[in-house]
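With chain A's structure known, arrange chain B on it following the hints.
So the protein lines, in turn, are chains A and B. Each residue of the first sequence is one higher than the one before, counting from 1 in the working numbering. Each residue of the second sequence is one higher than the one before, counting from 408 in the working numbering.
Treat the hints as calculated values from the structure; they're not laboratory data. Just so it is clear, the structure is predicted and the values come from calculations on it, not from any experiment.
Here are the computed distance ranges between Cβ atoms for each label pair:
(1) N353(A) x G545(B): 30 to 40 angstroms
(2) F419(B) x T388(A): 43 to 53 angstroms
(3) G766(B) x E27(A): 24 to 34 angstroms
(4) S701(B) x G172(A): 49 to 59 angstroms
(5) A91(A) x D421(B): 56 to 66 angstroms
(6) R582(B) x V357(A): 50 to 60 angstroms
(7) R474(B) x R384(A): 21 to 31 angstroms
From the structure, some residues in chain B lie toward chain A, with a derived Cβ separation under 8 angstroms:
(8) T465
(9) T496
(10) S639
(11) M734
(12) G737
(13) G761
(14) A762
Reference listing, derived: stretches of chain A covered by chain B, where coverage requires no fewer than 3 residues with Cβ under 8 angstroms from a Cβ of chain B:
(15) 83 to 89
(16) 223 to 234
(17) 328 to 336
(18) 350 to 364
Ideal Cβ placement from N, Cα and C applies to all residues, glycine included.
Take a look at the letters that make up each chain.
Protein chains: 2
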Amino acid sequence: MTAVSPLAPKAFPDLPVVAGVRFAAHECGLRYRDRPDLLLAEMALGTTAAGVFTRSLTASAPVLWCREALAGGQARALVVNSGNSNAFTGAAGVASVERTVKAAAAAVGCAPGEVFVASTGTIGVPLDDGKITAALPGMIATLSAEAWPQAARAIMTTDTFPKAASRTARIGGVRVTIAGICKGSGMIAPDMATMLGYVFTDAKIPAPLLQRLLARGADRSFNAVTVDGDTSTSDTLMLFATGQANHPPVTDERGLGDFRRALEAVLTDLAHQIVRDGEGATKFVEIRVTGAASARAARRIGLAIGNSPLVKTAIAGEDANWGRVVMAVGKAGEKADRDRLVIAIGGVRITENGAAVPGYDEAPVVAHMKGADILIEVDVGVGRGRATVWTCDLTHGYIDINGSYRT
Amino acid sequence: MTAVSPLAPKAFPDLPVVAGVRFAAHECGLRYRDRPDLLLAEMALGTTAAGVFTRSLTASAPVLWCREALAGGQARALVVNSGNSNAFTGAAGVASVERTVKAAAAAVGCAPGEVFVASTGTIGVPLDDGKITAALPGMIATLSAEAWPQAARAIMTTDTFPKAASRTARIGGVRVTIAGICKGSGMIAPDMATMLGYVFTDAKIPAPLLQRLLARGADRSFNAVTVDGDTSTSDTLMLFATGQANHPPVTDERGLGDFRRALEAVLTDLAHQIVRDGEGATKFVEIRVTGAASARAARRIGLAIGNSPLVKTAIAGEDANWGRVVMAVGKAGEKADRDRLVIAIGGVRITENGAAVPGYDEAPVVAHMKGADILIEVDVGVGRGRATVWTCDLTHGYIDINGSYRT
Numbered sequence: 001m002t003a004v005s006p007l008a009p010k011a012f013p014d015l016p017v018v019a020g021v022r023f024a025a026h027e028c029g030l031r032y033r034d035r036p037d038l039l040l041a042e043m044a045l046g047t048t049a050a051g052v053f054t055r056s057l058t059a060s061a062p063v064l065w066c067r068e069a070l071a072g073g074q075a076r077a078l079v080v081n082s083g084n085s086n087a088f089t090g091a092a093g094v095a096s097v098e099r100t101v102k103a104a105a106a107a108v109g110c111a112p113g114e115v116f117v118a119s120t121g122t123i124g125v126p127l128d129d130g131k132i133t134a135a136l137p138g139m140i141a142t143l144s145a146e147a148w149p150q151a152a153r154a155i156m157t158t159d160t161f162p163k164a165a166s167r168t169a170r171i172g173g174v175r176v177t178i179a180g181i182c183k184g185s186g187m188i189a190p191d192m193a194t195m196l197g198y199v200f201t202d203a204k205i206p207a208p209l210l211q212r213l214l215a216r217g218a219d220r221s222f223n224a225v226t227v228d229g230d231t232s233t234s235d236t237l238m239l240f241a242t243g244q245a246n247h248p249p250v251t252d253e254r255g256l257g258d259f260r261r262a263l264e265a266v267l268t269d270l271a272h273q274i275v276r277d278g279e280g281a282t283k284f285v286e287i288r289v290t291g292a293a294s295a296r297a298a299r300r301i302g303l304a305i306g307n308s309p310l311v312k313t314a315i316a317g318e319d320a321n322w323g324r325v326v327m328a329v330g331k332a333g334e335k336a337d338r339d340r341l342v343i344a345i346g347g348v349r350i351t352e353n354g355a356a357v358p359g360y361d362e363a364p365v366v367a368h369m370k371g372a373d374i375l376i377e378v379d380v381g382v383g384r385g386r387a388t389v390w391t392c393d394l395t396h397g398y399i400d401i402n403g404s405y406r407t
Numbered sequence: 408m409t410a411v412s413p414l415a416p417k418a419f420p421d422l423p424v425v426a427g428v429r430f431a432a433h434e435c436g437l438r439y440r441d442r443p444d445l446l447l448a449e450m451a452l453g454t455t456a457a458g459v460f461t462r463s464l465t466a467s468a469p470v471l472w473c474r475e476a477l478a479g480g481q482a483r484a485l486v487v488n489s490g491n492s493n494a495f496t497g498a499a500g501v502a503s504v505e506r507t508v509k510a511a512a513a514a515v516g517c518a519p520g521e522v523f524v525a526s527t528g529t530i531g532v533p534l535d536d537g538k539i540t541a542a543l544p545g546m547i548a549t550l551s552a553e554a555w556p557q558a559a560r561a562i563m564t565t566d567t568f569p570k571a572a573s574r575t576a577r578i579g580g581v582r583v584t585i586a587g588i589c590k591g592s593g594m595i596a597p598d599m600a601t602m603l604g605y606v607f608t609d610a611k612i613p614a615p616l617l618q619r620l621l622a623r624g625a626d627r628s629f630n631a632v633t634v635d636g637d638t639s640t641s642d643t644l645m646l647f648a649t650g651q652a653n654h655p656p657v658t659d660e661r662g663l664g665d666f667r668r669a670l671e672a673v674l675t676d677l678a679h680q681i682v683r684d685g686e687g688a689t690k691f692v693e694i695r696v697t698g699a700a701s702a703r704a705a706r707r708i709g710l711a712i713g714n715s716p717l718v719k720t721a722i723a724g725e726d727a728n729w730g731r732v733v734m735a736v737g738k739a740g741e742k743a744d745r746d747r748l749v750i751a752i753g754g755v756r757i758t759e760n761g762a763a764v765p766g767y768d769e770a771p772v773v774a775h776m777k778g779a780d781i782l783i784e785v786d787v788g789v790g791r792g793r794a795t796v797w798t799c800d801l802t803h804g805y806i807d808i809n810g811s812y813r814t
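Isolated chain A (complex conformation) (with noise of 0.2 angstroms):
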């Protein structure tokens, strides 16, 4: 269970330094053993923040934190500890969240309001926040622009690699750097372990463009990969804009249009590789729904292929089935047309005329489905909706990973 994913990159990405953003990892031992389990991230003043968060109606005391200080746009410290997501703790994690957010504004020197905290792991047992709180002053020593490993490793639970990814981009001829980690081994890892995710940028952009920018881009990425279709009580992305980069000011997204592009590739290579460490994955799948009513409807039905129990065994068993994607479509509650809906797998059109194509060889497919990266592509022929949606196939080291996470 501890093996690193078969669908992992090769190295841990070279990150370059984000300036204004400085990382601390430290051991506080609140479940795990011989690694790092908290991260303190400190950002400049001035530090722009946006979030997005779990849209569960269960969502943790950090959650509930976040979204409160969000409201004011600024912030200075991150804290993120795993082992325990200090989630359905009733009264007693509240407080622990405001031990914790005290804790960090005194070792940084910000109003509580500036610091953003999440918790990660096990669900329903009291967080020690003692142990956070306790070391926060002595990390401060310790910061540093570069400790990007350091800080992917803090904040993983079942994941079997840390998760990395940056880009560049030019605002008004200037060049910043977007850099940012994530962790999730599923939509949601077992027991809530959650996906969690943190970007920085020295662009300098107005917190509530930010949050535009963010959640158009979380769309596009985080809200568009699945392993299980279950939905998180902590899941949080959050983006930071320290302001240090010297280009000129932006009002609104005019200019913009090459740091958004940048953003949404960030979040999306992050998001990929939430998929490529899914509980049990052995394959990376890519779906591409076209000729849908909207764009929403497109996704909906891609996540009705991604979500399939029938679709993701088939793609573990290296099965062509593609009948299972007809009824993934039929399911999915949005506009199709049967006669016009057209089904290709490796780039093999496999229907049409609501049949299976005349003289369909299934050979060139079997072959695709053999492969690490599947490529489904359907069209609903109603009408110019897209989106793409990724998700992995459902092994046996899923139900091993779930069956026996507590025991």
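Just chain B now, with coordinates in the frame of chain A:
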């Protein structure tokens, strides 16, 4: 894979004759060998019909036929084959249905609009209806009111046991019989082998009233079970009333209370058997949701729990992982009060005030998880809506069956 489910009933039930219905089963060799794969049911003149069908937008040709035929409200024949679902077979599939209907109408001596059909099995493969139409005339001679076991077997695909149930009821003091069969090894079995259910009664009930009774009954039975959340292209549930019983005429639901309860009992019994034959199932799970904003909201919450791969794998692993139930309630998208959420497993209350019950003792819950029948109760604390949903666990068996169905 051919072993009988550990959750199967001990024996096939002893089903009563329903006056006005006779069955013939035949081996026509569409896919299976050494077992019947074709069912003909003949019903008395004056039989009324009701049906509920899949909501899939890629519904099969037989489903489309039945929906149309149902407008007439009369039934004289039912033809069901297993081994090929005649789904996603284009114009050829429609022609197959027409030839089958015509042959059955000729054999029984009725109008085509009084013939109902269904096909279950592999999809996307043209149906060799010649084998069916050739067999039908000869099957007339073998019709028998007592051939329930053969009828139940003829419609099986990956089912590991035949499924049937019956009850009696009184209408105006006169005893009537309700008996039926169904098949399905999952909400959808592999390749849309799907769920089919046929229930017969000797009561005399007008078609519109029969339809209302069936729709309501299906809602609390077949629409409240899930194995994998996938929806078939062929799901069909029909109720036929032969009118042979000598009770006073009924024109509305008054006086049908006992019938309605008995019908619901038959439907629920059949639906439970499908869950008990769920692919790879080792546990039968009842999920009772109370305190929801509405009955509909309660069912959506129940299905979110019952469809969650993380909940289902935890049950397979006999892990009392109640945190995953919290997660599933949160993701259901229905109103719930995290701080009033009460979760009980095996009758043991686990949560209150947004956290675990102080001093929660897991021992009795762990013991309950080791049994074959699991009870999860959830009160979401916002209203009076309630619903019960049934599901099974998600095991290696499911992956085995579905990763290699066609190969």
